[in-house]
Each structure stands twice: as structure tokens, then as C-alpha cells.
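From first to last, the protein sequence lines stand for chains A and B.
Everything in the first sequence is counted per numbering that gives the first Met the number 0, starting at 0 for the first residue and increasing by one.
Everything in the second sequence is counted per numbering that gives the first Met the number 0, starting at 0 for the first residue and increasing by one.
It is worth saying that the hints were derived from the structure and are not from the lab.
We put the beta carbon where it would ideally sit given N, CA and C, even for glycine.
The reader is advised that the hints may include incorrect statements.
Unchecked claim - Covered stretches of chain A (in silico footprint by chain B; criterion: 3 or more residues with CB under 8 angstroms from a CB of chain B, positions within the stretch not fixed):
id, segment
1, 78-91
2, 123-134
Unchecked claim - Quick list of the computed label-pair ranges, beta carbon to beta carbon:
id, chain 1, residue 1, chain 2, residue 2, range
3, A, G20, B, V164, 56 to 64 angstroms
4, A, L17, B, R28, 22 to 30 angstroms
5, B, L126, A, S198, 40 to 48 angstroms
6, B, M55, A, E195, 38 to 46 angstroms
7, A, A45, B, P30, 27 to 35 angstroms
8, A, E19, B, I127, 33 to 41 angstroms
9, B, S82, A, R122, 55 to 63 angstroms
10, B, P30, A, L17, 21 to 29 angstroms
11, B, H199, A, Q128, 33 to 41 angstroms
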Amino acid sequence: MPLLICPECDTLQRLPALPEGAEARCHLCEARIHRRRRGGLNVPLALLLGAAVFFLLANLFPLLTLHIQGNSQTSSITGAALALYREGMAAIALLTWLTSVLFPGLVIASGLYVLSALRFGLRLPGLRQVLKLISLVHPWGMLDVFMLGVMVALVKLSGTADITLGIGIQAFAALVILFAWAMSQLEVRQLWERLEEISR
Amino acid sequence: MSAHSAAAQGYIGCHLCGQVMKAAAGPQRCPRCKSPVHFRKPHSLSRTWALLITAMILYIPANALPIMSTRYFNQTSSDTIISGVVYFLASGDWPLALIIFVASVVIPLLKILTLIYLLISVHRRSLIKPAERTRLYRLTEFVGRWSMVDVFVIAILTALVHMGVLVNIEPGWGATAFAAVVILTMLAARTFDPRLIWDHQRQALAHQQTRPISDQGDMPRSTTT
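Just chain A, same shape as in the assembly:
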């Protein structure tokens, strides 16, 4: 039985053999310390691939168009960040772009890279660094929060102006769901173990 240390209370324990789909909790503080996913790498790989497609669509097409008295204004995700930048708010512009474009994009790309290497047994370069990148960047991705922001803005504007929903926002909604689903199917700790197996 492999040794495991609870990251929250530092209790050293042995991991019992878990059935598929089961999770192990620390016997002292009850933090989830391990989870054994059902099935192989196909499901997270397929979900991430779908997320990648919708990520591109969400970023290539406009999210919303606003019409006020004959004028109309369109915005994409990057456009929202750029608008802040134009108004002299570089810090929150960068923050918005990093958390809703770059970081999620990096997680999707690195996830696809590592998963396809493990799934098809490819010895791609830099797998460890890429897997490490996922753990470092994922906590700072805020796709779901941005989606909530879009919805709040929609309601806020709906009283005063006409709004057209773009292809981007539908792709973005699909992206949020697929991305969250894919990440719930990904157990990074398990990927590290598989990585060790193939590099042996």
C-alpha cells in the first residue's frame, strides 16, 4: 500500500486499495486525500478536446452586442479586458485577461498534451513541467466567475438597452460546463503516478 501524507494536517497514512470511483479521506481531518476515477483517460481527454473547441469559438466570436438608439457596440472576452486597459486600468485589465483567457487556455492545452502522451504512450518532451504548470495555473483560472459576471451584466443592461447574444457567449457557456466537467474527471495525482510508470 502506498504511503500518503495529508496536505492539510500532515498525517502519514497508508492508502488502502480503492474501488473505482471511490475516494479516500484523511482519518484525522477528513480532507479528501485521494480519488480513484472511473474509467481510463478517454473521458477526460474527450471532454478537454471539446473544451478546446469551445475555447476557440468563445474567443473568436463576439460575446454580446449592445444597441442603444441606432448605435451598437460589440465585445469579446479579450475585448472586455482591452476596454479596461483603454480606460487606464491596466492592472485589472491584465487580471481579467489572465484569469479568463490565458490561464484556462494554458490548462486546456497542457491537459491535452499530458493526457494524449499518457493515453497513447508518447514520450513527449517536458511532460513533468507541463503537468506542474496545470497545478500552478489552475487555481487562478476563473472561467465560471467570468460567466457569472456576464450574466449579471446582462441583467443590469436589459432594462435600458437591447442586447444580442453572440455565438461567443453560447460557446463560452459550453466551455464553462465542459471545462469544469473535464477537471472533475482529472486526478492530477494519478497523472503523476502514470507519468512515473511510462518514464521508467
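Assemble chain B onto chain A, guided by the hints.
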């Protein structure tokens, strides 16, 4: 319950990839992912305090300064975080008012208070309900990011409502201060080491009773890997 810490038995767990390793003398890196490893997050308490105090200072401009100003034909108005919530309430959008109130007011405040409580409880070597305090910490780490929603709303409104001199929305400096509060409290939660909560528990236990020589079955002593 015998639940000696891994540190007391000379083991370190990598915080990034979970690899278990024997502790060596001096600075050490994880053999698997090459991240630096430590028994406890270095200078956890002082770093968390520093980030938290900075967040508390910035909390003042975040609430006092306008987060955005709106020009709609002849009317110009500025909104702070609170007046934004009041606006939704006044226009009858109470579900929205609730979302913004929770994300922008309740979560940041509770997060700051929770981290202060956790820090003080560790400083005072508190033995009260460690499992509950750990759960509180987990929750703090989990919900913090949702506070960013107001910043994103401002970004979208600024981009969309941009029609020359007649209809325009501009971000205010309160938004930047608020975003800084959110990021600083997220960083503070990450530098706090919840294992410190349990260290005092174990010390107190060790004082009360002599430590058993052989542990229970779930506490291995032999080395693997």
C-alpha cells in the same frame, strides 16, 4: 487515535504533486516534480499576516472609491460596491443584489475575519475544534475567487457601454483596489499552512501521554519508495 505527523517521523509530502519522501538535511526538492519541499510552508504566519494586513488597508479605498461611473445622456452617476448593491435592490432585482452582496461584501469580509481568527488561534496554540478550523480554512480557500465577479461585470459593462460622449461607462479606481483585496486574500489563504492547526494538537497530546512505541496499523514506520 495515534496520528503522528509525517514531519515527526521524518517524512515530507510534496505540496504540488503529493510525492512522499524522506526528509534530508538542508533544502530539498521533490524528486518527482522538482518543486522545493518543506515540512511546513516557510514563514507561513508572517507572510499570511503581511498579505492580510495589506488587503485590509486596501479594503478601505475599495469601498470608499467609486468602482465605476455611468453617463447616460444628461445623467452622470458614480457607483461604489455598496451603492451597486443598493441599486439592484431598489430596482427590484433582489436575486442579483444578493449575488453581488455575497460575492463583493460578505465573502471578502468573512474571508479576512476567518483568516485573522485562524492566525490568532495558531498563535495562541488553541486546541479548540481543529477539524472544524481546517474545514473553515478549506471553505475560505474555495470561495475566495467568486469575489472577482464584480470586476468582470465592470469589464463587460465598460466594453459594451462605450458610445461616445452620450452613453458611457468608465471603471473607477475602487475596482482596482477591490481586485487587489481579492487577490491578496487569495494569496493569504494559500500561504497559510493548515498543518499548523494540528501541530499544537499533537504537541499537547504528546505532553499528556507518553507516545506509544508501536503505532496502529495505519501508521507505517518502514520506508518504501
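Structure-based check of all given hints:
no.	hint	result
1	78-91	holds (count 10)
2	123-134	holds (count 4)
3	A:G20 - B:V164: 56 to 64 angstroms	holds, 60 angstroms
4	A:L17 - B:R28: 22 to 30 angstroms	holds, 29 angstroms
5	B:L126 - A:S198: 40 to 48 angstroms	holds, 45 angstroms
6	B:M55 - A:E195: 38 to 46 angstroms	holds, 44 angstroms
7	A:A45 - B:P30: 27 to 35 angstroms	holds, 32 angstroms
8	A:E19 - B:I127: 33 to 41 angstroms	holds, 39 angstroms
9	B:S82 - A:R122: 55 to 63 angstroms	holds, 58 angstroms
10	B:P30 - A:L17: 21 to 29 angstroms	holds, 24 angstroms
11	B:H199 - A:Q128: 33 to 41 angstroms	holds, 37 angstroms
Checked against the numbered hints above, the structure breaks none of them.
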